[in-house]
Amino acid sequence: MGKKVKSDRIIVYLAITVIIFTLSSWVGISVLIIEKEPVPAWAETFNSSNRSESVTVYDPDRVDENFCIGLYTAPIHEQKYFLQKSKNLTKNETFEGYFCIANNMYSENDYLIFCLMDYKQVPFSFNESDAEILHKIRLESFEEKFYHFDLGPLESGTHEFEIFLILKPYETSLNQSFRLSTDFSHLGSIRLNLFVDDWNMPPVVYTNFSDLNCHQCDSQYPGNDGVMLVKEPCSTRAWTSENVTSGDTLDYWMNVAAADDYPVAFGLIVLVDYIQVPIWTNSPNDVIFGKLDAGEKLSFPTKIVVPREKGVHELMAIWLPAPYQRMDRLPEAPASPNQWAWAQPSIRVGLNVG
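According to this note's numbering, the sequence shown is numbered sequentially starting from 8.
I should point out that these hints are in silico values taken from the structure, not numbers from a laboratory.
Here the structure is a predicted model, which means the values were calculated and not measured.
One should not assume that every hint holds.
What the hints assert, rightly or not - Calculated lysine to aspartate or glutamate pairs in the DMTMM-like style (CA-CA distance at most 20 Å, straight line):
1. K94 to D335
2. K127 to E162
3. K238 to D258
4. K92 to D258
5. K143 to E115
6. K94 to E115
7. K143 to D280
8. K298 to E72
9. K98 to D204
10. K175 to E103
11. K298 to D268
12. K143 to E321
13. K92 to D205
14. K127 to D137
15. K143 to E169
16. K143 to E103
Stated by the list, open to error - Here are the simulated distance ranges between beta carbons:
17. S136 to E100: 18 to 26 Å
18. D335 to S253: 25 to 33 Å
19. L141 to R315: 16 to 24 Å
20. D268 to G159: 39 to 47 Å
21. K87 to V312: 42 to 50 Å
22. T179 to T243: 21 to 29 Å
23. E85 to E239: 46 to 54 Å
Ideal Cβ positions, reconstructed from N, Cα and C, are used throughout, including at glycine.
With the hints as constraints, model all of the structure from the sequences given.
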């Protein structure tokens with residue numbers, strides 16, 4: 008559902024309470040937190056030693072617990088600086104801006120940030136650091152910061168960019184309750200179309216699932232617009248952890264499903280320890296695109312190579328809806344306007360290498 012809210016202090020949020028609103032006029036996904044009283048609910052300081060504007064500490068008595076991310080052209084909380092659903096660039100022009108990340112919780116937390124460009128992880132500079140695939144930060148209780156990012160110049164063409172934020176990335180507990188909590192609520196993202204001297208959306212090559220030894224799940228399968236990693240085809244039992252052997256091939260299944268009243272188009276990627284890996288071993292495919300009819304639910308086999316290092320490793324998939332669709336207007340695909348446009352994670356499966 009959509010909701011547009013105005014305030015002198017607005018940030019685009021993804022709440023871990025799994026209550027999500029699409030903001031009709033800005034890029035972002037989320038619950039919007041507004042102070043409960045008209046007086047300021049935060050204290051802000053300016054850091055002139057680097058390109059980050061500030062540290063902001065919220066009054067915990069006036070906001071609900073959540074974590075969130077915003078995308079800006081400057082480290083200032085004003086609507087004119089929001090990075091909109093698309094951005095026009097010229098060839099050789101650097102794509103840069105600011106991430107606004109807030110930890111509106113009673114405990115300090117670690118977060119992991121990574122980017123996809125055209126559905127592939129890419130290195131980027133974060134807070135003036137060297138370009139890397141993954142960047143880790145820690146925020147204090149009810150703290151918010153701006154961070155400068157730089158992806159350098161892009162090739163001509165239309166690109167899909169998405170920035171991801173993962174909560175508690177290095178929590179290695181195999182406790183089932185924690186593992187179940189990572190389904191959906193530990194990941195947030197913001198997506199942009201980037202037009203570099205070109206405004207044509209590229210074509211999408213969709214996978215023929217009949218070539219993948221897939222199983223059609225029956226109508227009782229409860230899945231709805233998303234992906235689930237399981238041990239058996241069409242299983243509804245949550246797979247949360249597994250004892251595995253270093254270097255072995257691990258076979259598992261991906262359940263994908265569409266809502267009963269509209270079709271969906273999607274991309275899928277797999278991460279091991281938050282690094283993108285091929286969907287199948289010995290395959291160059293690190294992303295696949297698919298389509299499902301309304302109410303269609305299927306399961307297909309896949310596999311990874313277990314990491315060699317002892318300890319707990321993280322396996323997860325990310326469902327990326329409506330690939331290569333314009334974000335500044337309703338997508339033209341039959342799935343629209345019903346299909347949710349933001350990424351959704353699977354449960355993070357803990358792989359315990361003994």
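request  = Would you list, in rising numerical order, the hints stated earlier that this structure does not obey?
outcome  = Going through the list in order, the structure violates hints 4, 6, 8, 10, 18 and respects the others.
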